[in-house]
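Take the given structure of chain A and dock chain B with the ligands to it, following the hints.
Residues per chain, in single letters:
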Amino acid sequence: MSNVVLSARGMTKNFGGLVAVDNLDFEIIHGAIASIIGPNGAGKTTFFNCVTGFYPIDDGELIFEGHDINGWSSDHIARAGIARTYQNIRLFNHMTVIENIMVGQEAHLRSTWMGAILGTAGTKRENRESEEEARQLLQFVGLQGKGDLIADNLSYGDQRRLEIARALATRPHLLLLDEPTAGMNPRETAETTAFIRRLRDDLDITLMLIEHDMRVVMGISEHITVLDHGRKIAEGPPKEIQNNPDVIEAYLGRGAAGSTSA
Amino acid sequence: MSTLAANWRSVIRSGLIAGGVALYTALIGMLVAFDEREVVRNSFTLGQLLLVAPAVLVGWLSGRQSTQVPAGQRLLRGLVAGLVTSLPLLALMFVSSVVNLRTVLINVDRDLVRLISFDHGVGLSGALMLAGALGVSGILGAFVHLIPARLRHALLTALAWMLGAGILGELVRQLLSQFLDREALSWFLRRDTLKPEPAALLFVVVLLADLFWSWFRETRGRREGPAPRALQFTRVGGLAVLLLLLPLLVGSAISDVLTNIGLYILMGLGLNIAVGLAGLFDLGYVTNFAVGAYTMGVLTSTGVLGIENKMGVTVFNFWLVLPVSLLVAMFTGFILALPVLRMRGDYLAIATLGFGEIIRLLALSDWLKPIIGGAQGVLFIPAPNFFGVELIGPQRLYYIILGACLLAVFVSSRLNNSRTGRQWMAIREDEDVASAMGINTARSKLLAFTISAATGGVAGAIFAAKLGTIFPTSFNLLVSVNVLSLIIIGGLGSLPGIIVGALFLVGLPELLREFDEFRLLLYGTLMVTMMLARPEGLWPSAVYQREVRRGEERAPPQAGEQAA
Ligand SMILES: Nc1ncnc2c1ncn2[C@@H]1O[C@H](COP(=O)(O)OP(=O)(O)OP(=O)(O)O)[C@@H](O)[C@H]1O
Ligand SMILES: [Mg+2]
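Keeping their order, the protein sequence lines are chains A and B. For what it's worth, the numbering used here labels the leading residue of the first sequence as 4, then goes sequentially. For what it's worth, the numbering used here labels the leading residue of the second sequence as 5, then goes sequentially.
Derived from the structure by calculation, the hints contain no laboratory data. Glycine residues also receive a C-beta, built at the ideal position from the N, C-alpha and C atoms. Treat each hint with caution, since some may be false.
[Said to hold, decoys possible] Pulled a few chain B residues facing chain A out of the computed Cβ check, cut under 8 Å:
hint, residue
1, Gly358
2, Arg426
3, Glu433
4, Ser439
5, Ala440
Isolated chain B (complex conformation):
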């Protein structure tokens, strides 16, 4: 039968694609680099995980494509997919045993062979190990579909927690070290590596908790409608307490990561006003960040820059300059928006991209060097002072950033649900029609750019005070790209999406810093996968979700379809 043949063909094809991916990770040295890192001590490494991951994935896909097929055959498909996945690596193994590939492909070394043959070498036994491991992985992937839904959910959740805790061992150690002494800690971890016993314990605990939770929800019956007021109140209250205590709970190192995430959230909230709400594709957001940072830097520092008062101390402190930074950024945003108001889409993106570069070059230029220090940047920017308490270090700065973010969330949501928000939405949907409805589109867009710029300016100002020094190199294109990516990945126009996006794009790479070499690769893979699998973002806003989920909510018939 031709459909059957086509099915098998697709199994083999996806297997080959996965094999290609596996081969690629091997050739670029990623497999070996990740092999350095144990996920669970003395059990398996991240490299091994990465090696089997493509096979598990295609096994899962192959098992899914055949719903009406008996279980045995679905497992068989998984096996075949897994075996096919191993073919490219087997070929690599064979070729490398015959000719020396290292001259061309420097990453094909003994370490790689040891990894992919599971310590059995290039011979027949090594080849069998590799094929066997990937075949079994394929079967496991397919097997996932055969587990009853509730148990499957629990198992996968437990697995995700265990792997997450293993991979983010450093984070786990820092979290636990807040509460445990060294001895207790050593039961869980050796250095940053999770030990097998706590890993198993975590797996079992999460498994049981998940099973219990789904059973609990079932017996209680799902309640419809909004949560009662009391429950909502406790939720908000709990969140507030958590946010306030967070830096104390996680310690200094992770607080530092949190402040970085916070600054990106702040910028994301700002850029979201232009891109998410008004649909203005701004690729030069770093401009506002730089303007805010330099305003703070130049006005509060003394020394090399020469803006000092007569007594030789800074008259301007952080709190005084913060609103000034906001206003200066707002003003620059306004001026820069003027020439681009008539541009749309790609043209706007290119023009704003240009602004970002101009700012960086200005910061580096000899012309402005007397004021802003050129390549040497601005030094000795004092930390903020709060009623006599120096807000130095991430655990204290966190609160300033938290405050700024909350304010930005408040302003964004107020604006979004107002006349102004409707104007932006209309412009985003159809600028010509918006204008024919009486909206002064130029003024509306100018407002979006200006408010967006103000937020970026505040983020820059806090950034300057946080680091104490700023250099032109901090203000490059990558900042704009990061901010834009995080709001797109989180879900355009969605405020919770920005937070999720920042956690993913800023938080994750900071915690996985040791794979620095492959950071951009992971980043790119994540982006592409996201755009394919969830184009509306991780946590989409209602409006953008409508664009993706059209037609699911047709007019209810009782609402009066008069047409017979």
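Okay, chain A solo, but in the shape it has when bound:
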């Protein structure tokens, strides 16, 4: 299939004796919204970390848009078109909102340090344009008017938005969201869910998310992969997953669906 964006084959990641991701096969096609679920410590975040080049994988392969990206550095992968957010928000806390987003544009900027010292026209123009673009992104995620605040001083929900805006600034083809609604109230959760759908519909970005909130997962995803102890125990559309006995035992069995939100 030529429209596969990311695929993993036999992917394995060990931490010492612990097998965090175990022989995982995974595939996501262009324009999909896919979720990865599983109990705590199942290896979901580790999977994201491997895809974004934080850790090399120990076995198997990772193919992104036809390239074997295993062994690529994080910045190389980001330039290739994969962006992400973090489970525990990781903004540049002491930089302003606008500066955070402008760092996200790195992959597309061309100006050099020499240009900056000499103050060349090209450098100035690029700086203006990138700030302009950053302000538009702020508008898009609903943070207009907050560009000059320090990221650390934003409310929790706004920090999550800013993290997404920063990821969008890299102009990703594939966006990985690690628990985007964690810690949000029901209203914010509904807003975020609608927002995620807009990312796909308006910006044509393929989306993968890790989520604990079953209402979000079931409502938004077209495809669900269930991990437990690093192993894939089920995958398919939401309906099938909901009724899969293995999943119910490993994951839903611990509590009623919908009340497992973090």
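Just chain B with the ligands now, with coordinates in the frame of chain A:
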């Protein structure tokens, strides 16, 4: 009541701590050494000032801790704190009258006893003098809180000016001698000591000026927003004229201090790029300084080193070699950065520390001796020549250093406000995330190291030309430590902070050279106090201030907190 008891307990405890400090300064001989120096002639000495300072300080602290308490009781707290402060010294006085302590504690001598008893000897009257003096000091410290704010500000400012002028008497003399003849000068000073009349005059003038200024500002009303263009222009213009005329105003000796400060500012600006902007903890900055100095030395000198042209004169002059020094330092910085790019924090500091030592050992080594002279160093480095004018002596070299500093400030601020600056900031905050945003962190860090090294190289080159000779001993760990300290004390990442830091750490010790013995102690005390009282530095940059002053600038509500 237990809270009251706790309050008194804290008064006594801080008094005892201050007493311990006073005892310590006595035992290490600092009190007596400082007693040699009069602050105001025939009035009081620096030793006496140091003796009462802890008592004043605890008095001030004790008075502050009890805001709701009536004035009388606050003064009483000050008194008690001051009296408690005197206890350790009283004990010392008593013990030294019974047994001879000099065999163990060599500094407990007659001079010390005379000082702490205010010339009254070890008897009862001496003890009463000491307790009385420190008690009164405590009361004075507490009393500071009772003075109305505006008057208090004026009084303290006036006092600071008077003490400053007294302590830095040498500086005052050199400044005044530019304008006054010997006779006029002798009204102000005897040798380097301020006389009482000018001291009192200075106190009164500053007091009145400060009062007038605060009254003036009040009546004019505080203006909001940025200063008007014209005012800004005059400020910058005034500063420029001052900077240009400075060496002529202060004379040769102080110009020499200024050039030393300037070189450290230059190095501070360079190191700041690595440490302040990119967060790379570099403890081997002396490497770049040494490389720059040796490049200048080896290429411009003739004689013992054998790099001469066929006519026996130097073909290479200062201006030609300056960019070469920059490039060589840049290149060394680049090469040395390669192996440490993956290191972070402490590991990076240790590795760079190692580089600093390696450079020093290389400079001393027999292996390189034919080229760079080993322990004998490089001699006969010519002074720079500017269109026929020999730039010899600090008053002329000052301008080269000033130029280099201005250039470094310009480059730093341009970089800081650019894409490159944002990359560094991001790396400093979270290197992993910066990388996941598409920043090639290795390349970014390499750039920071390289530019930082280039600046250090220029400083080294000027240093070589300034001294005319260089020795390996000039390039030791202390240089790296000094540069790092001054940017931390000034405020990491802040350009004005570097200047303030250099004035404090390089300028002050040069002017107080006579207390050489205690220089490092003062230095250390200053550092510790700073880190406790003002961890963000004397003049912090906006970014670092944010780290300390979090939460003061929450999102304004009208900016649209949608959440109800
Ligand atoms: N850097 C690391 N070093 C060692 N062990 C790690 C590391 N990162 C993750 N692990 C371990 O790997 C396992 C999987 O962790 P991971 O963070 O991927 O789980 P998760 O599915 O994201 O869980 P959660 O729902 O709690 O976020 C855990 O047992 C964790 O302790
Ligand atoms: Mg996780």
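Hints violated by the structure (listed by number, smallest first): As far as the earlier hints go, only 1 is violated by this structure.
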